[in-house]
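First to last, the sequence lines map onto chains A and B. For what it's worth, my numbering labels the leading residue of the first sequence as 1, then goes sequentially. For what it's worth, my numbering labels the leading residue of the second sequence as 1, then goes sequentially.
These aren't lab readings, by the way, just hints derived from the structure by calculation. On a predicted model such as this, the values are computed, not experimentally measured, just so you know. We treat Cβ as the ideally placed atom computed from N, Cα and C, and that holds for glycine. Among the hints, erroneous ones may be present.
[Said to hold, decoys possible] Okay, the calculated bits of chain A under chain B, using three or more residues with CB under 8 Å as the criterion:
id: 1; region: 10-24
id: 2; region: 38-51
id: 3; region: 87-98
[What the hints assert, rightly or not] Examples of chain A residues toward chain B, derived with CB under 10 Å:
id: 4; residue: 4
id: 5; residue: 30
id: 6; residue: 55
id: 7; residue: 58
id: 8; residue: 61
id: 9; residue: 78
id: 10; residue: 79
id: 11; residue: 101
[What the hints assert, rightly or not] Restraint ranges, calculated between C-beta atoms of paired labels, are given here:
id: 12; chain 1: A; residue 1: 89; chain 2: B; residue 2: 47; range: 23 to 33 Å
id: 13; chain 1: B; residue 1: 201; chain 2: A; residue 2: 92; range: 51 to 61 Å
id: 14; chain 1: A; residue 1: 51; chain 2: B; residue 2: 143; range: 50 to 60 Å
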Amino acid sequence: MSYYEATLLEEHIQIALDELERASGLSIEVITELVEYGVFQPQGERPHEWRFAARCIAVGRTARRLRADFELSTPGVALALSLIERIEELEREVRALQAQALRG
Amino acid sequence: MKYKDYYKTLGVERTASEDEIKKAYRKLARKYHPDVSKEKNAEEQFKEVQEAYEVLKDADKRKAYDQMGFYQPGQDFNPPPGWDQQFHSGGAGGFQDLGDVDLFDLLSGLGGGAFRGARQGGGARTFRMPGQDYEVTAHISVEDAARGTELEIPIAATEVTEDGQLRRATRAVKVRIPKGVTDGQRLRVPGKGGSGIGGASDGDLYVDIQLRPHDIFRVNGHDLYLELPVAPWEAALGAEVQVPTLDGRISVKVPPGSRAGQKLRVRGKGLPKPGGGEGDLYTVLQVVTPSVLSEREKQLYRELQAASSFNPRGHFE
Chain A
1 MSYYEATLLE EHIQIALDEL ERASGLSIEV ITELVEYGVF QPQGERPHEW
51 RFAARCIAVG RTARRLRADF ELSTPGVALA LSLIERIEEL EREVRALQAQ
101 ALRG
Chain B
1 MKYKDYYKTL GVERTASEDE IKKAYRKLAR KYHPDVSKEK NAEEQFKEVQ
51 EAYEVLKDAD KRKAYDQMGF YQPGQDFNPP PGWDQQFHSG GAGGFQDLGD
101 VDLFDLLSGL GGGAFRGARQ GGGARTFRMP GQDYEVTAHI SVEDAARGTE
151 LEIPIAATEV TEDGQLRRAT RAVKVRIPKG VTDGQRLRVP GKGGSGIGGA
201 SDGDLYVDIQ LRPHDIFRVN GHDLYLELPV APWEAALGAE VQVPTLDGRI
251 SVKVPPGSRA GQKLRVRGKG LPKPGGGEGD LYTVLQVVTP SVLSEREKQL
301 YRELQAASSF NPRGHFE
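I would like the entire structure built from these sequences, with the hints used as guidance.
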């Protein structure tokens with residue numbers, strides 16, 4: 001049996017709208033709203049030209065879970081996502097400081 | 001089949017109204033949702049809560065569940081005779097073996113013989129359901145993150161056999177992790193989640209990377225940090241010292257007059273980055289003194305003390 005390639009969900013890999021729809025489980029309508037709220041910032045002008053960073057799949061899956069599990073509206077999801085992102089940034093900073101600190 | 005007490009999971013009475021069930025779920029979802037919770041085992045706890053809610057919020061599933069009878073959580077049981085004909089429209093034969101079937105998987109398949117004939121697709125009763133996405137955490141070493149690695153990931157799931165029976169099976173998915181991953185990153189293996197039913201697409205497998213703590217290096221993104229112990233005279237006079245990296249030892253120049261906590265950057269000796277390039281290695285100087293001094297060393301320190309005007313606590317004055 002051969003090995004399957006795992007793709008990193010990072011900035012440098014780009015995906016189209018239909019791929020984001022399929023992988024995140026969000027509808028095109030909700031994805032479009034999240035673009036309007038600035039949660040997703042695709043390259044390209046029109047939806048068929050949009051190219052999203054693969055990282056958006058992970059964000060989109062979180063959005064889908066928050067919508068379904070808390071019955072949140074799209075503005076509520078956008079707000080929760082921005083707070084989660086801030087927490088993740090702070091956690092990264094804490095990890096960075098811990099890495100730099102001497103063990104003593 | 002093992003019994004699960006969904007009422008107990010949600011902390012409600014068996015007579016609870018739909019509204020009470022919803023309120024209990026909302027409270028627990030807020031507490032355990034893995035996207036917002038820092039509770040221990042939040043993910044496992046939330047799955048149980050979600051599973052209980054999925055069944056109890058649906059009148060048909062709740063009725064089917066209630067009519068299975070009441071048992072102790074974890075107790076082996078089989079639904080009473082006639083249960084499958086009533087709820088599963090299973091037709092002849094009923095269930096052959098429910099020994100290792102998950103209760104929730106069984107209840108999820110309710111509603112018109114969902115599983116039977118599903119594999120063929122396009123039958124008289126077409127039932128399509130995309131495969132479930134699976135998420136696993138892979139603990140890998142810093143060296144494996146730098147070089148890339150191959151993993152065999154065991155996945156336990158209930159699957160639908162060709163003849164529509166449910167079966168609990170564990171399979172291993174072989175996954176190649178590319179070099180350049182780091183702590184907290186997520187990878188996707190398309191089509192390697194649960195199988196779709198009735199011709200629907202298969203789910204995806206998501207792999208969350210967690211790096212195991214390393215004996216020497218600490219990881220921050222793609223940068224590595226290394227504590228570099230130096231003797232007081234090396235810090236004062238400067239020195240060229242050997243330090244380990246992920247691909248062998250290198251020489252690092254400690255400049256004269258270095259202080260503890262000072263960072264020296266070695267460009268490009270961190271973890272490789274997925275888009276190209278590498279992180280850096282930071283050596284953090286730690287000035288260490290010998291715990292046991294010989295008479296000669298003590299003598300030299302005394303001479304230094306007498307000769308030096310250095311006052312490390314000058315800023316207190």
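Each hint tested on the structure:
1. 10-24: holds (count 5)
2. 38-51: violated (count 0)
3. 87-98: This one holds; 4 residues, not fewer than the three required, reach chain B with a Cβ under 8 Å.
4. 4: 5 Å, holds
5. 30: 16 Å, violated
6. 55: 8 Å, holds
7. 58: With a closest approach of 5 Å, the residue 58 of chain A hint holds.
8. 61: Constraint on residue 61 of chain A satisfied, holds at 8 Å.
9. 78: 14 Å, violated
10. 79: Given a least distance of 12 Å, the restraint on residue 79 of chain A is violated.
11. 101: For residue 101 of chain A, the interface hint holds, since the closest Cβ of chain B sits about 8 Å away, which is under 10 Å.
12. A:89 / B:47: 23 to 33 Å: Hint holds: Cβ distance 27 Å, inside 23 to 33 Å.
13. B:201 / A:92: 51 to 61 Å: This hint is violated: roughly 34 Å between Cβ atoms.
14. A:51 / B:143: 50 to 60 Å: 34 Å, violated
Hints 2, 5, 9, 10, 13 and 14 from the list above are not met by this structure, while the remaining hints are.
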